[in-house]
Amino acid sequence: NAGVTQTPKFQVLKTGQSMTLQCAQDMNHEYMSWYRQDPGMGLRLIHYSVGAGITDQGEVPNGYNVSRSTTEDFPLRLLSAAPSQTSVYFCASSSTLNTEAFFGQGTRLTVV
Amino acid sequence: GDSVTQMEGPVTLSEEAFLTINCTYTATGYPSLFWYVQYPGEGLQLLLKATKADDKGSNKGFEATYRKETTSFHLEKGSVQVSDSAVYFCALTDTGGFKTIFGAGTRLFVKA
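Chains as they are written, first to last, in the working numbering: chain A, 1393 to 1504; chain B, 74 to 185.
In isolation and in its complexed conformation, chain B is listed as follows (with noise of 0.2 Å):
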């Protein structure tokens, strides 16, 4: 069945340090592949995502690629801020879409 691989955590960075966060994916057919963030105490919320191969989904400073090729979604961002702390997951929705499959998580701690 379709599965998603992250990267286990925890990551630790300095504060204006450059993340990458690798995920890759097994799926039939074509899915859409999401990053959502999870900050203590809350639900999950999108971050970002990309729906076909080559999209490059991106918000508040973070950039996601689908790569087909290589079946990976890699969450990456410039320079983290200490507010970024947070648990990311990596996510995809089957071809039929009903469901949404999830990576165990990444957490992420920023240092100032």
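Isolated chain A, as found in the complex (with noise of 0.2 Å):
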């Protein structure tokens, strides 16, 4: 049962580079949410998704793009790196709202 799947968990870009972090889940989840962790301010919403097609922005969306073309993948792309963007990145689903969320177990990104 792989749950949530993340890749990469390390990466290391230099500014101005772009690159996708990938997710995927296997429980038929409808609900899907990109988080930024970083040092003292807990995780933050950049966007989720509510179903496949439907997307919208979280907390902190500036510099990253979503889509959702199937259930079971919710991408997050960097469109150009920026020192600012280093931190751990959590994919999470859930099955319906208000109903305990599935993480992944994170991207460690770092910007140069």
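Since the hints were derived computationally from the structure, they do not count as laboratory data.
Here a beta-carbon is modelled for each residue, glycine too, at the ideal position from N, C-alpha and C.
Among the hints, erroneous ones may be present.
[To be verified] Simulated restraints, written as ranges between beta carbons of each label pair:
hint : chain 1 : residue 1 : chain 2 : residue 2 : range
1    : A       : Leu1471   : B       : Thr143    : 40 to 46 Å
2    : B       : Lys125    : A       : Ala1474   : 40 to 46 Å
3    : A       : Arg1436   : B       : Thr124    : 20 to 26 Å
4    : B       : Phe182    : A       : Pro1475   : 27 to 33 Å
5    : B       : Lys141    : A       : Gly1408   : 44 to 50 Å
6    : B       : Glu149    : A       : Thr1412   : 39 to 45 Å
[Unchecked claim] Computed far set for chain A versus chain B, every beta-carbon distance over 12 Å:
hint : residue
7    : Gln1409
8    : Met1411
9    : Ala1416
10   : Gln1429
11   : Asn1454
12   : Ser1459
13   : Asp1465
14   : Leu1501
Could you fit the two chains together into a complex? Lean on the hints.
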């Protein structure tokens, strides 16, 4: 039972580079989200999706894009990486409203 | 907007001590409340939850009661173990259920 799978686990980018963080879930969950975790700030919501074809912005969306073409996948794209995007990124999914979120293992991103 | 405030850490306790981690929230409507735990190098996992006022969530010896009158959801455990060392996050989902808002996290160290 894989749950939520994120790749890669670690990544180093140069300023200005672009990349995509992958997230896949095998639980047929409708709701998926991306968070970033920074010291002393908890988890902040970047983007979320309530189903295939539907996405919306969270608390800190600038510099990131998402799409949801299938129920299973919810990739996060960094358009032009900046040092301020150095963080640990978590993808999460849940089955219905107000229920437990299942998290991936995280991607540690460093932008130099 | 909705927010969650939890006590700053780190919290350092000796094994078998009593644990309290305070959490208060600001929300419109009737949010669901959660405690998540993050062990080193891992994603978050649900510890317990409560979906309405006066509900008590419990798991692995941890408890928290949803207090609407004080807008609080404090985490307690009667006797902590070294294996409880982790970061604990208080969280709420808004009334619509689409977003989960996290507190900053409280790191707990338990000494043998």
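Beyond 12 Å from each Cβ of chain B, as asserted for Asp1465(A): Label holds. Min Cβ-Cβ 18 Å, cutoff 12 Å.
Non-interface claim for Ser1459(A), where every Cβ of chain B lies beyond 12 Å: holds (18 Å)
CB-CB spacing for Pro1475(A) and Phe182(B) relative to the 27 to 33 Å hint: Check passed, 30 Å falls within 27 to 33 Å.
Leu1501(A) and chain B, when compared Cβ to Cβ, separated by more than 12 Å: holds (15 Å)
Interface-negative label, Ala1416(A) against chain B, beta-carbon threshold 12 Å: holds (14 Å)
CB-CB spacing for Thr124(B) and Arg1436(A) relative to the 20 to 26 Å hint: holds (24 Å)
No chain B beta carbon within 12 Å of Met1411(A)'s: It holds; Met1411(A) is separated from chain B by about 20 Å at its closest Cβ, greater than 12 Å.
Whether the CB-CB distance between Lys141(B) and Gly1408(A) falls inside 44 to 50 Å: Holds, since Lys141(B) and Gly1408(A) (Cβ atoms, about 49 Å apart) stay within the stated range.
Thr1412(A) and Glu149(B) - C-beta distance against the hinted 39 to 45 Å: holds (42 Å)
Beyond 12 Å from each Cβ of chain B, as asserted for Asn1454(A): holds (17 Å)
Range agreement (Cβ of Ala1474(A) with Cβ of Lys125(B), hint 40 to 46 Å): holds (42 Å)
Assertion that Gln1429(A) lies outside the chain B interface [Cβ separation over 12 Å]: Incorrect as stated: the minimum Cβ-Cβ distance to chain B is 8 Å, not above 12 Å.
Figure legend: structure checked against the earlier numbered hints; the only hint not met is number 10.
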